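Q: Input sequences plus hints: build the corresponding full structure.
The chain contents come next:
2 protein chains.
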Amino acid sequence: MKRILIDMDEVLADVYPKFLDLFEREFGRRPEREEYWGKKIYDLPNADWIRERLHDKGFFADLPLMPGSREVVQELSERYEIFINSAAMEFRYSLQEKYDWLQEHFPFISWRNFVFCGDKRALRGDYMIDDHVKNLRHFQGTPLLFTASHNAFETDFIRVNNWEEVRAYFRGAV
Amino acid sequence: MKRILIDMDEVLADVYPKFLDLFEREFGRRPEREEYWGKKIYDLPNADWIRERLHDKGFFADLPLMPGSREVVQELSERYEIFINSAAMEFRYSLQEKYDWLQEHFPFISWRNFVFCGDKRALRGDYMIDDHVKNLRHFQGTPLLFTASHNAFETDFIRVNNWEEVRAYFRGAV
Numbered sequence: 001m002k003r004i005l006i007d008m009d010e011v012l013a014d015v016y017p018k019f020l021d022l023f024e025r026e027f028g029r030r031p032e033r034e035e036y037w038g039k040k041i042y043d044l045p046n047a048d049w050i051r052e053r054l055h056d057k058g059f060f061a062d063l064p065l066m067p068g069s070r071e072v073v074q075e076l077s078e079r080y081e082i083f084i085n086s087a088a089m090e091f092r093y094s095l096q097e098k099y100d101w102l103q104e105h106f107p108f109i110s111w112r113n114f115v116f117c118g119d120k121r122a123l124r125g126d127y128m129i130d131d132h133v134k135n136l137r138h139f140q141g142t143p144l145l146f147t148a149s150h151n152a153f154e155t156d157f158i159r160v161n162n163w164e165e166v167r168a169y170f171r172g173a174v
Numbered sequence: 001m002k003r004i005l006i007d008m009d010e011v012l013a014d015v016y017p018k019f020l021d022l023f024e025r026e027f028g029r030r031p032e033r034e035e036y037w038g039k040k041i042y043d044l045p046n047a048d049w050i051r052e053r054l055h056d057k058g059f060f061a062d063l064p065l066m067p068g069s070r071e072v073v074q075e076l077s078e079r080y081e082i083f084i085n086s087a088a089m090e091f092r093y094s095l096q097e098k099y100d101w102l103q104e105h106f107p108f109i110s111w112r113n114f115v116f117c118g119d120k121r122a123l124r125g126d127y128m129i130d131d132h133v134k135n136l137r138h139f140q141g142t143p144l145l146f147t148a149s150h151n152a153f154e155t156d157f158i159r160v161n162n163w164e165e166v167r168a169y170f171r172g173a174v
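Residue numbers (the numbering used here), protein chains in the order written: chain D, 1 to 174; chain P, 1 to 174.
Worth flagging that the hints you see were computed from the coordinates, not collected in a lab. Take these hints with a grain of salt, some might be off.
Said to hold, decoys possible - Capping the alpha-carbon separation at 20 Å, the derived lysine to aspartate or glutamate pairs in DMTMM-like fashion look like this:
1) K40/P x E154/P
2) K2/P x D119/D
3) K57/P x D119/D
As the list claims (entries may be wrong) - The calculated label-pair distances, taken between Cβ atoms and stated as ranges, are:
4) D14/D x P45/P: 26 to 32 Å
5) K39/D x N161/P: 32 to 38 Å
6) R171/D x E32/P: 47 to 53 Å
7) F153/D x Q103/P: 32 to 38 Å
Note that the structure is predicted; figures quoted are calculated from it, not measured. We put the CB at the ideal spot given by N, CA and C, even for glycine.
A: What follows is the structure, given as structure tokens:
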């Protein structure tokens with residue numbers, strides 16, 4: 001069975017709504033998509049404070065699912081070995097929150113198939129779905145770039161814009 | 001730089017003293033080495049209750065260092081890329097405790113090089129130091145079996161009995 005490594009933040013979990021809520025609460029306005037599309041959302045003016053909130057207890061506990069992620073991952077898990085990985089090791093509280101989040105939203109994936117790491121260079125698989133070029137660049141299997149604002153203009157990888165496109169890709173894959 | 005993957009429990013951290021303390025407190029006597037050598041310590045009669053303690057908050061927080069582990073890992077980190085990994089994903093509270101334990105005892109290893117997982121088949125490196133045959137068996141690099149009671153009679157792998165032997169092995173390795 002071939003192995004797919006699937007990233008969490010901005011792939012399975014949608015981080016932007018929470019970030020935008022925090023921004024709006026702090027600065028009284030919600031940034032427009034054009035302000036951050038093509039850039040890191042954390043590079044918005046004055047957003048350093050919001051970036052720091054990722055270290056707070058609870059930040060990762062209640063992130064919404066990326067649309068379609070659960071259904072498509074469940075389908076894929078019938079034909080592939082799924083490993084869910086996250087490089088959020090920088091955020092100490094995130095470990096337990098991510099563990100609980102996965103058990104809540106992806107109960108059909110065993111904890112045996114969770115990987116929490118810092119750097120993803122030590123991971124091995126046949127496919128990697130990730131929004132960060134730095135993770136895909138070192139991967140020895142087939143990398144798939146999941147669209148996020150910070151990678152919008154990257155052209156070096158096969159791109160999947162959403163979970164429908166992931167489904168379509170693997171329907172065509174061997 | 002070649003990459004060494006190093007396991008935590010029973011390799012960097014010494015789990016047995018804590019296990020034996022709990023056994024002694026519960027049953028009024030400390031098991032002799034002959035009772036568990038060559039077997040899983042958790043298979044001692046009535047030890048199920050103690051095995052369950054691994055799920056308790058705090059179990060992994062104060063484990064002693066395996067003798068020599070810090071010094072030898074520090075030496076190795078000058079010539080190799082060190083990734084510390086642990087398959088304790090089964091124990092929900094262990095994640096944060098292991099993170100803090102590593103930052104306390106191995107401050108020269110970045111959190112970028114920590115990997116917490118369930119199954120180690122998705123890991124990649126040049127060497128793996130581990131006490132579990134099931135982890136070494138699937139590894140594509142060079143596996144080194146770190147002696148623990150449960151693997152005492154295994155003969156399929158290069159064996160290192162302690163951290164002095166790890167040091168000696170890598171002094172001779174390319």
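Q: State for each hint whether it applies.
A: Outcome of the hint check:
1. K40/P x E154/P: 13 Å, holds
2. K2/P x D119/D: 15 Å, holds
3. K57/P x D119/D: Between K57/P and D119/D the Cα gap is close to 27 Å, so the pair fails against 20 Å, i.e. violated.
4. D14/D x P45/P: 26 to 32 Å: 51 Å, violated
5. K39/D x N161/P: 32 to 38 Å: 53 Å, violated
6. R171/D x E32/P: 47 to 53 Å: 60 Å, violated
7. F153/D x Q103/P: 32 to 38 Å: 37 Å, holds
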